[in-house]
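If you read the sequences in order, they're chains C and F.
With the working numbering applied, the first sequence corresponds to residues -10 to 372, in that order.
With the working numbering applied, the second sequence corresponds to residues -10 to 372, in that order.
What the hints contain is simulated information worked out from the structure, not anything from laboratory work.
The structure displayed is predicted, hence computed values, not measured ones.
Take these hints with a grain of salt, some might be off.
In this list, chains with the same sequence are indistinguishable; a pair is considered to hold if it fits within one copy or across any two.
What the hints assert, rightly or not - For lysine-lysine, the following DSS-like pairs were computed, each having C-alpha atoms within a straight-line distance of at most 25 Å:
no.: 1; residue 1: K113; residue 2: K23
no.: 2; residue 1: K327; residue 2: K239
no.: 3; residue 1: K323; residue 2: K239
no.: 4; residue 1: K266; residue 2: K239
no.: 5; residue 1: K290; residue 2: K239
no.: 6; residue 1: K86; residue 2: K355
no.: 7; residue 1: K86; residue 2: K371
no.: 8; residue 1: K(-5); residue 2: K266
no.: 9; residue 1: K86; residue 2: K41
no.: 10; residue 1: K355; residue 2: K366
no.: 11; residue 1: K366; residue 2: K42
no.: 12; residue 1: K290; residue 2: K327
no.: 13; residue 1: K334; residue 2: K371
no.: 14; residue 1: K(-3); residue 2: K86
Number of protein chains: 2
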Amino acid sequence: MNDNDKYKNSVGIVETQYFTFGDPPGELILISGKKLGPITLAYETYGTLNEKKDNAILILHALSGSAHAAGYHSTEENNPGWWDLYIGPGKPFDTEKYFVICSNIIGGCTGSTGPCSINPATEKPYALDFPVITVNDMVNAQYHLIRHLGIERLLSVAGGSMGGMQALSWTILYPEMVKSAIPIATSARISAQGIAFNEVGRQSIINDPNWKSGNYYGSWPPDSGLSVARMIGHITYLSERHLHERFGRKFQNPKYTEADFRTEFMIESYLHYQGAKFVNRFDANSYLYITRAIDFYDLEKDYGTLINAFEHVQANFLFISFTTDWLYPSAMSKEILKALRSNGKNVIYADIETESGHDTFLLDHKVLQRYISNFLKSEFEKN
Amino acid sequence: MNDNDKYKNSVGIVETQYFTFGDPPGELILISGKKLGPITLAYETYGTLNEKKDNAILILHALSGSAHAAGYHSTEENNPGWWDLYIGPGKPFDTEKYFVICSNIIGGCTGSTGPCSINPATEKPYALDFPVITVNDMVNAQYHLIRHLGIERLLSVAGGSMGGMQALSWTILYPEMVKSAIPIATSARISAQGIAFNEVGRQSIINDPNWKSGNYYGSWPPDSGLSVARMIGHITYLSERHLHERFGRKFQNPKYTEADFRTEFMIESYLHYQGAKFVNRFDANSYLYITRAIDFYDLEKDYGTLINAFEHVQANFLFISFTTDWLYPSAMSKEILKALRSNGKNVIYADIETESGHDTFLLDHKVLQRYISNFLKSEFEKN
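Model the full structure from these sequences, guided by the hints.
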């Protein structure tokens, strides 16, 4: 591939930016009641904010995402940002029309304040002194970024999985700032099974002797534990059908006479690769904090009922679920849909037929792309 | 509970027995071509073999089972054998009528030859020198036990999960010895997703520094890794619905202000308990070998087609699947059913409505009990 192809329909070379606030602390009081600061948020922007400042879209990422949603950080980078298939000139989040912002989250490990950041009180990494954070805390921090960018109202907030949770919380916490929302493959609260999978991943990290109660910075990190956690995650992000179509029972190595417990099946090789790749870019403590934020997310518990939760929301919604998503099944979206409609909100809902499970939103899915594109066009024209 | 209640409908106090064969080695050539011996199989029997020797039923256990299927080993033991709800006077496997045998498997760790047994060649535990074993090897070893007990034809072979795989292999490998079979919640080959979950469990064990390439006997075993493996297993044995009904999102500890990553939800507490309990009774290397045997099980690969696999089978079948079993879904049973019917075999099939998932066969399930009871009665009357 030459560079011309690489940058076709791409936002091209981009740079992560950083916004710091809350110094001295106090500007952000967490849901737990604790104060956190200074807080840095990593973010990227693509396209241009128009004069009316009414074309800004906030992209929110899932558990393992980052601010780098589109384009390339350098000519050497081979893989573009995580949602490059959806963000760029002529793409659903059309950077020729919209000003697209992707904000990282607090608790993360890719430029924003999280457990691997330096705690100003001790001049050492926070590790487990980092406070418990919730999805609402992530959103409250992003609010400061959006105001810093001079935006009073977002054309849309959009994201899949935990990104969808952030989108929901944006519509609830800042109703007057959100014109529309695109929550994808998400939930008002994950299931007991979802908590169970998260917990097994956490146990795998905590049981790794390199974890050292979180104080591993400067020494070898708990890579083995984090890698197993990621493998568990990957199984849940894909449908049984997708695994079958893609890997089936294909052997990597057709003999089975040696008991060395190395890779025998293709699916194993795939999981090992995903686990190994992940530990190079992610911090184990962030994995613990963020999965906990997902577990704790519970709009019904926070507001009494889902109907109450969405009472004051002003946004119009494009709600997407995937038929083979067993981690955030369609029923979870339909439950929210019902609460939104009971409140008389405008909702377009699509339960998209796919064999690829939860992670469909990251794939080149034409139907999903068309839904987003049309919805945004219609919302923008209402300005 | 007083002892009268405890032993009501129970086979009472029982003792595990041991049968050793293959010394000098050579009596058992494994599917891999390697010779293994001497081989000990742990087993228990309940009831009495009749004069015609036509009332013997062989019970086959799942991944983590043992020979101890019914009754108590002592008056101090609080929990009876693993299938006590199904085996005993007046129960489906009625010990007043039938002679019930439960055989352990090679590769196991509860009395039969496995990786923790002493390798006569080195006088040390086999560890990873133990050869690769398959489900067919388990069955071929059990064949020696059944002949040793003087039984030429089994009234039935029965088991759930990997026990069902053994039952299927019994009907194929020794067609003239098996009058009927009761495979429950099983498969002719597990899915890529099933292999994936097994592999994550294995990786968790292998990554535990106490595993030491399998040479941990005499030192601290890889309990952390085995415990995580067991937790993953437990999630897959239960349905999402069952987890929801039983645990929901109930908090163990209603505060979330401290980031200690201890137990917050009931489901976590349950998983921790299951993991901790398991490491006291199971060997990590056995877990590796047995899950590999499950992964490798593939009747279609072994016989070209499933129809070929069952061509010479003489048994009548009671085939059971559970509507909420997502690890061994009903479709897997239906696939076998089709192959059996194409061969003109007699099959009763029940896809039992349940909310409890794969592990339903271990629960006090009246419908399942009635199916087994009636089927055995009818098969026995045909004698």
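Inset, instruction - List in ascending order the numbers of the hints, as given earlier, that are violated by the structure. - result: No hint contradicted; all consistent.
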